[in-house]
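Engineer: Each chain, written out:
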Amino acid sequence: ETAVFQTPNYHVTQVGNEVSFNCKQTLGHDTMYWYKQDSKKLLKIMFSYNNKQLIVNETVPRRFSPQSSDKAHLNLRIKSVEPEDSAVYLCASSPGGRDTQYFGPGTRLLVL
Amino acid sequence: QQKVQQSPESLIVPEGGMASLNCTFSDRNSQYFWWYRQHSGEGPKALMSIFSNGDKKEGRFTAHLNKASLYVSLHIKDSQPSDSALYFCAAVSGGNYKPTFGKGTSLVVHP
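Those sequence lines, one after another, are chains A and B. Per the working numbering, the very first residue in the first sequence carries number 1; after that it's consecutive. Per the working numbering, the very first residue in the second sequence carries number 1; after that it's consecutive.
Calculated from the structure, these hints are not laboratory results. A hint or two may mislead.
In silico lysine to aspartate or glutamate, EDC-like type, Cα no more than 16 Å apart, as pairs [to be verified]:
| no. | chain 1 | residue 1 | chain 2 | residue 2 |
| --- | --- | --- | --- | --- |
| 1 | B | Lys98 | A | Asp85 |
| 2 | A | Lys41 | B | Glu9 |
| 3 | B | Lys3 | A | Glu58 |
| 4 | B | Lys98 | A | Asp30 |
| 5 | B | Lys98 | A | Asp99 |
| 6 | B | Lys103 | A | Asp38 |
| 7 | A | Lys41 | B | Glu42 |
| 8 | A | Lys41 | A | Glu84 |
| 9 | B | Lys45 | A | Glu84 |
| 10 | A | Lys40 | A | Asp85 |
| 11 | A | Lys40 | B | Glu9 |
| 12 | A | Lys36 | B | Glu42 |
So that you can see chain B by itself, here it is in the shape it has in the complex (with noise of 0.2 Å):
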């Protein structure tokens, strides 16, 4: 059964700063990845999606995947208070499409 992990569980990076978001995952099959975001008292929303090994650019955000390693990583760059949110990694491996999600990192950025 696919473990998707994730690290830090908490990071508190000052405003303008670089917050970087760690995720593991088991199973070798896994071909879909994505980065979501969830405020407080909101439900999740997708940040970006990464399905290639390398680096994924959109404005602030990076997002780099390994499969060999099994590790994908975002980063966010010059952070903001509003990026203050819980970070979920999610893995979908490609013969059920079942999506597993990590246990999230909470990210607070103060001003």
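Here chain A stands alone, though its shape is the one from the complex (with noise of 0.2 Å):
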């Protein structure tokens, strides 16, 4: 049952280009994060909200922002896009910081 919801599910673009994917969760927690995962599967933390409010921010360049309009959502912008943004994006949802996540299905982005 899917309660975290990613979109789009794939998007190509070019290099240069700006992009948005949007997450939504309707489980009523109160903590949101985006992931990237590359080629290699490696799965890393990019952001953290906790009830709007940024709390974790980790070394990603300046082109990378997260949007949050209320505690269910949290999106992902990035300005210009470059090669090495090709991954796919994973947002969760946990009630709080030490709890279980759980996670959408993903947003795969090619840069070509």
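From these two lone chains plus the hints, build me the complex, please.
Structural biologist: Encoded structure:
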């Protein structure tokens, strides 16, 4: 049963374009995350929000910016994409920072 | 910075066999640990969590934690082909609640 929804499933774009990915959770959780999963399947946290407030901001390029309108939504914008941005971007939510995380199906980005 | 290492990188077991996955972490302040499973084309899904030293059993899955040895493991009894997936260990330190994932163990269960 999917409770963390991500759109789009797949996106192909060219170097230098801007892209936005959406994430919505219907679990009533307070904390949401963005992860990047590279071609080797390595999972790296990028951002974490708790009740619309940024609590974790890993060292990611400035072209990445999270956007939270309410605690159920956490979007990710990438300005001027680079080839190394090609990856699967996974959104997750949890009741709190030390609780089980529920992941969405991911958005696969391909930068040509 | 927390480092989480998993071994082996890949594992092949016969159907009905036992799969054993290992994970070590570097931060002695780590308090919360999870095992996640990811099937191809899907997001990771939590299998089980373990917060106290010792064993925790849920069905065919048993997790073991030894904080002093900085070690956590997962054992899958009576492995099924549907268990074939990528398994991640994740650790969270008590202070910052930032999860760190290992690189994963790829498990193949052949009929």
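Engineer: Evaluate each hint against the coordinates.
Structural biologist: Evaluated hints:
no. : hint               : verdict
1   : B:Lys98 - A:Asp85  : violated, 22 Å
2   : A:Lys41 - B:Glu9   : holds, 12 Å
3   : B:Lys3 - A:Glu58   : holds, 15 Å
4   : B:Lys98 - A:Asp30  : holds, 15 Å
5   : B:Lys98 - A:Asp99  : holds, 11 Å
6   : B:Lys103 - A:Asp38 : holds, 11 Å
7   : A:Lys41 - B:Glu42  : holds, 12 Å
8   : A:Lys41 - A:Glu84  : holds, 14 Å
9   : B:Lys45 - A:Glu84  : violated, 26 Å
10  : A:Lys40 - A:Asp85  : holds, 14 Å
11  : A:Lys40 - B:Glu9   : holds, 11 Å
12  : A:Lys36 - B:Glu42  : holds, 14 Å
Going through the hint list in order, the structure does not satisfy hints 1 and 9.
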